[in-house]
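S.K.: Two chains, two frames, a set of hints: combine them into the complex.
These are the residues of each chain, in order.
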Amino acid sequence: MQWVMAAVAASSLPKRKGFGAAPVEKKVGEQEAGGKQPPRLASEGYGVDPKLTTPHAPGDFWPLILTDTQKRTAKALADVVLPKDDLGPAASELGVVEMIDEWVSAPYPQQMGDRPVITNGLDWMEAEAHKRFNKSFADLDESQHQTICDDICYTPKAKREFKKAAEFFSRFRSLAAGAYYATPPGWKAIGYIGNIPLGRFDGPPPEVLKQLGVEQTVD
Amino acid sequence: MPIISVDQAKQEYDVVIVGSGAAGGQSAYTLTLAGLKCVMLEAGRNYDPTTETPMFNTPNQAPLQGNATPDKSFGFYDATVGGGWEVPGEPYTSIHATPGEEFRWWRPRMLGGRTNHWGRISLRNGPYDLKPYSRDGLGFDWPITYDDVDPYYTKVEMLVGVYGTNAGLENTPDSPDGVLLPPPKGRAAELLAQKYGKKLGIPVIPIHRAVLTKTLDWKNIPAKLHPDDPKSQRIVTSAMQQRMACFWATECGRGCSIKANYQSTTVHLPPALATGNLDIIPNAHAREVILNKSGKAEGVLFIDKQTGKEMRVKGKAVILAAGACESVRILLNSKSNSFPNGLANSSGLVGKYIMDTVGADVMGHVPMLENLPPHNEDGAGGGHFYSPWWLYKEQKAGKLDFARGYHIEMGGSRDMPGGENPAPDDLTQGSYGKRFKEDARRYYGSFVGFASRGEMIPNEDCYMDLDPKVKDKWGIPVARFHWKWSHHEINQAKHAEKTFKELIEAMGGKVRAPANPGAGKSLWRPGMIIHEVGGAIIGSDPKKSVCSAHQQTWDVKNLFLCDGAPFASNADKNPTLTIMALAWRACDYLVDQARKGNL
Chain A
14 MQWVMAAVAA SSLPKRKGFG AAPVEKKVGE QEAGGKQPPR LASEGYGVDP
64 KLTTPHAPGD FWPLILTDTQ KRTAKALADV VLPKDDLGPA ASELGVVEMI
114 DEWVSAPYPQ QMGDRPVITN GLDWMEAEAH KRFNKSFADL DESQHQTICD
164 DICYTPKAKR EFKKAAEFFS RFRSLAAGAY YATPPGWKAI GYIGNIPLGR
214 FDGPPPEVLK QLGVEQTVD
Chain B
223 MPIISVDQAK QEYDVVIVGS GAAGGQSAYT LTLAGLKCVM LEAGRNYDPT
273 TETPMFNTPN QAPLQGNATP DKSFGFYDAT VGGGWEVPGE PYTSIHATPG
323 EEFRWWRPRM LGGRTNHWGR ISLRNGPYDL KPYSRDGLGF DWPITYDDVD
373 PYYTKVEMLV GVYGTNAGLE NTPDSPDGVL LPPPKGRAAE LLAQKYGKKL
423 GIPVIPIHRA VLTKTLDWKN IPAKLHPDDP KSQRIVTSAM QQRMACFWAT
473 ECGRGCSIKA NYQSTTVHLP PALATGNLDI IPNAHAREVI LNKSGKAEGV
523 LFIDKQTGKE MRVKGKAVIL AAGACESVRI LLNSKSNSFP NGLANSSGLV
573 GKYIMDTVGA DVMGHVPMLE NLPPHNEDGA GGGHFYSPWW LYKEQKAGKL
623 DFARGYHIEM GGSRDMPGGE NPAPDDLTQG SYGKRFKEDA RRYYGSFVGF
673 ASRGEMIPNE DCYMDLDPKV KDKWGIPVAR FHWKWSHHEI NQAKHAEKTF
723 KELIEAMGGK VRAPANPGAG KSLWRPGMII HEVGGAIIGS DPKKSVCSAH
773 QQTWDVKNLF LCDGAPFASN ADKNPTLTIM ALAWRACDYL VDQARKGNL
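Sequence lines, in order, name chains A and B.
In terms of our numbering, the first sequence opens at residue 14 and continues consecutively.
In terms of our numbering, the second sequence opens at residue 223 and continues consecutively.
I should point out that these hints are in silico values taken from the structure, not numbers from a laboratory.
We put the CB at the ideal spot given by N, CA and C, even for glycine.
Just so you know, not all the hints are guaranteed correct.
[Unchecked claim] With a straight-line cut-off of 20 Å between C-alpha atoms, the simulated PhoX-like cross-links for lysine-lysine are: (1) B:Lys695 to B:Lys531; (2) B:Lys232 to B:Lys421; (3) B:Lys779 to B:Lys518; (4) A:Lys223 to B:Lys515; (5) A:Lys88 to B:Lys531; (6) B:Lys656 to A:Lys97; (7) B:Lys420 to B:Lys691; (8) B:Lys536 to B:Lys518; (9) A:Lys223 to B:Lys779; (10) B:Lys723 to B:Lys420; (11) B:Lys691 to B:Lys557; (12) B:Lys656 to A:Lys201; (13) B:Lys536 to B:Lys232; (14) B:Lys732 to B:Lys743; (15) B:Lys515 to B:Lys538.
[As the list claims (entries may be wrong)] Over the 10 Å line for every Cβ pair with chain B, so calculated as not near, a few chain A residues: (16) Thr82; (17) Arg85; (18) Pro129; (19) Arg173; (20) Lys176; (21) Ser187; (22) Asn208.
Chain B extracted, bound-state conformation (with noise of 0.2 Å):
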């Protein structure tokens, strides 16, 4: 299985893809399958879940009791390697107005990125937010229909494994019948928050996360997926025979060895491997892309890190699948005579509109949930019910101050305890000794969250340009962020923090934070949601976006980009899934070009 050195690097590949996470697994996937020689890109290390996930290592195990520190922002047994919000030797800077508007930049250093630690959440866009523009008049109109996207999030949801279940609600799609695994049974809080959140109209349904509740159909789904092209059904289905159904512990942000859930490195990179076509770099920086005399591009230079040494890889077409901002960063350091300011960058608009997901965190503590008799919660490894948005008419009908919707990500708090007080101060009135054992066992499990996660309107405030002075260890110049909220987020966190009030009341609960909900001081910076999409703008305009509706830069038609980049909304709904779907898309059109000679 080709984890090549760069000295092993053929002398021209078909494809270069950058980035081995949701968009450059499956690119690579889409790719090698359909024969085309590919070799990726990766700026961290090799990462082999099977062996390096800390699955059932206890708290105690973990230095810190496996709490957050500045190497492990998210925790200890986090899957993420070699970065987080800072990455040694690779800095990025801000300019923001107010010190709560500060980007902060997630960027593992590792084979199949951030997939590896990810929540999971993979919720379809619907009709709307591909046009929203034609809806409410802000911001822009993706060039393709929810028509175009719909069979890709099939076939996706098909490869990697859904849960979830069809509500037939507004702008929140269906599968076909029988695509999605069997949905997890509520937990106590959840089904306590169904119950309430009804008597509020707020609707509360099964999630959809990318973790197999059974294993796959790997006798129909490969057939589905490759019609008339057995090798690819013989590859893809002993990949599928390689997962592991989940066995209901472990929680999936430490990665998983059984590869129940999914992360490229389980489920896109081994078939990808195994046909033979894929070779994969790790360690390889990318800087700029490379372009031939005929203003086309032939590869990409990178810095070989375990050298230091500046590199080239050749191909016939190159994809960008870095993650958003990265991927516009190496537009930006692609400069030449005929692009001075940025390759594919001919209409200015290479670092515009950058957007995050609008975050806003109530959390409460509700009696009813002291003292229940013990049972195991660990479930699925995260979240098992949502609230998708469900006041699209009040919006519709102008009755909110903000115009795009949230949805509700919930949870209680009967998980794995450790590092942290499960009984505070101010409910145990200090209590020590046996009380104070006894109120912790009393209190664990009362604790409710909730959390918003909507859609950011692109505005000409938030994007990013390179850093006129500051370099990474390599001398090449970094992102440098540009942030200002406008009023729909900050209403839109106001209103979601006034709704977990009220929920959490309606539970018969108290609010514990933030101190005054309603206010939106709990709006997370932006950045924080890990949700940055945009900065490359797919449209049918030249003048207007960088991308066509194929991902196909406008100014270099054999360079595409296959991650967030493209993105011209980011709708409330995660945006991996999303990803994945359109990269699929993008792919089988680069397919088609090529066998048409036409890149």
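Pulled out of the complex, with its shape left as it was, chain A reads as follows (with noise of 0.2 Å):
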């Protein structure tokens, strides 16, 4: 038994394992009342026997499928969403710009529901940028990055016409943090530590239970 809830997975659930069932669904053919067989899944997955102990890239379990152009701009926007700065290094250097090729090359269904968001949304950066500056997305400047990024960054305060735009943000500021936090100097920047084997297992350090107001209740 376990517990991923990743149906509310934007809304940041918690999702260790262990403290209840983690069943995720896949969301396709919701089925209807009556006796039919369930669904088949994707056959050109990694299967449900993949070796589990070997690193893995992405590419080594299906093509990927953004252009060069499209490569372009997302290094580009990941770098802006998610910049060197003294928490950590850019996105483009943690290999973010090929999680996410491989996340929208995917066979499966959740996916095969983000490929278009995101490559959609890619083209439209790249024109835009043509638009307003006349230059691809990846050769403008920190300001002009910042003025269409502005204008589509939340959703709910983006006008009417960049409201598709702002969606296409939205999901790829997701897809770029996902694969950002998966690394370990992503780990670094949002302050995991773990992963590694102890020797005892001490609990949070007094200055948290100080923060928080509680003690530490297990001898």
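M.R.: Following this line, the structure appears as structure tokens:
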């Protein structure tokens, strides 16, 4: 029994496995009442018995579909969303663009749903850069990037003509962040410490307990 | 070590065991240490956690950062092999009035079954849980009492290793002194929930999980488990010495290469194999139990999945431990002149009273948990705290509109990031760039989740039979599920959602999902908590039950049901520990009967 609660993944559910059932349902063909057989799953994925211990890279399981131009736009945009700063490297240095490419190229329902959102959105960004500045998005400077991104960075506040672009931006930011924080440098940036063997588990340190106003109750 | 192919099987065994998970593993352990020759049929492939577990692999080394897909429904690194909600070529069907009541069936296809990935939550059923009908007039009493199971709970806890404390709470049994391993320290969100739970009258205490917080006491435990049996003691000592204590990293759902948590493959099967009394045939998909002329089971007919051929193994007794619904399917498919409606089904009750756990979840954001100084909260790879059901008296007094309780599982979110957005748009107001990275750091760890895991009462509308049309790829009729929740389950889920909202708000937080807590919308579909039990219930009257107090079918006395199928109720406590305790008890009886020549 496990718990991922991906149904609301966009809202950052805790996904600590082991505190409940964690089922992730595929979204294809919600079943109607009746004795129908559950829908079969996509066959070109990594299958139900992939090798888990070997590190995998984008492109290992399915071909990548982003065009060179889309990749160039994605790289520039990923670095606008997650730039190099004192918390860590820029997104493109951590393989974020390749991971997004892998995502939108995947043969699974959720990813296939994201594919047109991301590819059309990247094309829109490129066209918008040409329209406003007569340049590729990747060749714009910081303030030019901001001019476009400020119009589309928050869906509820985006103007009507930018709603669709804002939906793309939101999804792109989410995918880029999901990829960025999947890496050890990303862990450092967010403040995750773990995935290392320890001789003992001490629980939260005193300053954390103090900040929360709680005491450790287990000896 | 005999993982064997079909053609290497012996002419006849003492016992044929179908399934290799908690029930099959425990059965094999008990029987082989007692000297019986056993063969185990596993529908999936052989699996070795010591070499196949992705212990420290990072999300960026997995496709899609390890996110769940239809191929790997619990994420790429989840230990499950060969299946999940769907198994290629092995469908099942459902009849249900509303879309939310479609039964979902989790089936791995691997040695050790679900024990490789389960949550390791190991709670004892209490005295009330075995006599629910006597308490409130609903469902069925078991023909056994807590005192019958108590010693077996203790033995299982000593063998597998369970951490936790004795809290002395109502219907939440204590273990004897020295049996439980030390509980891990509370994490930030757990301690916060404990503090504010107290204000609401909800006890939050260390949970019990099958994880070694220290190495097992191999000097003393084997002699307690197997008194006057030096050979068994030697074997169990050696097996215990192979297991390391938890090193406080990696989620248990991936499995554990250092054997620090319980998996059948690391705890039950190694000592069983070391006896020399166990042969395991993987890729053997059981189809029917075969009867001899005198109406006794004489073996199992199965598909050798590598050749697609039908094969047989013979035994003096047969144990079904394939998982409740798969065992029921085998019984229903074992038709003969004497059992036209399926084996051991003279009561007509095979397939009836399938139960899952009632699950509802609420997730919230707690500002107090924002921007905490970074610290390691990996812990024991699962929950450290929980709340046992605390409203027995209110329920008894008729103050609640549902008859049975739930426990609360809980957790924060300072676990391994990756694969999802840590800073949702509505909180960040659309930030990007450096501000977004600061927001991600701020909100990381500030989300909490509460999950109810509650008792479902068996009812006439929840059962399985064979689909009259659909067959699996080997031509075997498939399971068809029927479902309808009663108001007890729905009202329980509503109560849980309201409670979790109160808890989150008491912590100074706000609910994020579901949108309208209290409406019961987060109730999981049946089967999705993966606690399905029942279908061949235990009882004292052959007309009203399928098997006896020792899980021996009334109709075929050398046929035993050792998984969750005999459960006559499904308490809020996760069923695995009880399955193991009862399998051990049933197998002790089987050994005794074999020695008396009664099989």
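S.K.: Does the structure keep Lys691 (chain B) and Lys557 (chain B) at a Cα separation of 20 Å or less?
M.R.: Status holds; Cα separation ~17 Å.
S.K.: Quick one, are Lys223 (chain A) and Lys779 (chain B) close enough, alpha carbons at most 20 Å?
M.R.: At roughly 62 Å apart (the allowed maximum being 20 Å), Lys779 (chain B) and Lys223 (chain A) break the hint.
S.K.: Is it correct that the beta-carbon of Ser187 (chain A) has no partner in chain B closer than or equal to 10 Å?
M.R.: Check fails; 4 Å does not lie beyond 10 Å.
S.K.: Lys223 (chain A) and Lys515 (chain B) were given as a pair; does the straight-line alpha-carbon distance stay at or below 20 Å?
M.R.: violated, 74 Å
S.K.: With the threshold set at 20 Å, check whether the alpha-carbon distance from Lys732 (chain B) to Lys743 (chain B) stays at or below it.
M.R.: holds, 18 Å
S.K.: Within a Cα-Cα threshold of 20 Å, do Lys88 (chain A) and Lys531 (chain B) meet the stated pairing?
M.R.: violated, 54 Å
S.K.: So if I understand the rule, the pair passes when the alpha-carbon distance is 20 Å or less; does Lys695 (chain B) with Lys531 (chain B) pass?
M.R.: holds, 12 Å
S.K.: Check the hint pairing Lys536 (chain B) with Lys232 (chain B) against an upper bound of 20 Å on the C-alpha distance.
M.R.: holds, 8 Å
S.K.: Given the proposed pairing of Lys779 (chain B) with Lys518 (chain B), does the C-alpha separation stay at or below 20 Å?
M.R.: holds, 7 Å
S.K.: Are the Cα positions of Lys515 (chain B) and Lys538 (chain B) separated by 20 Å at most?
M.R.: Holds: Lys515 (chain B) and Lys538 (chain B) sit about 14 Å apart, inside 20 Å.
S.K.: Would the least Cβ to Cβ distance between Asn208 (chain A) and chain B come out above 10 Å?
M.R.: Incorrect as stated: the minimum Cβ-Cβ distance to chain B is 6 Å, not above 10 Å.
S.K.: Using Cβ atoms and 10 Å as the threshold, tell me whether Lys176 (chain A) really stays out of contact range of chain B.
M.R.: Holds, since 13 Å exceeds 10 Å.
Hints 2, 4, 5, 7, 9, 21, 22 from the earlier list are contradicted by this structure; the remaining hints agree with it.
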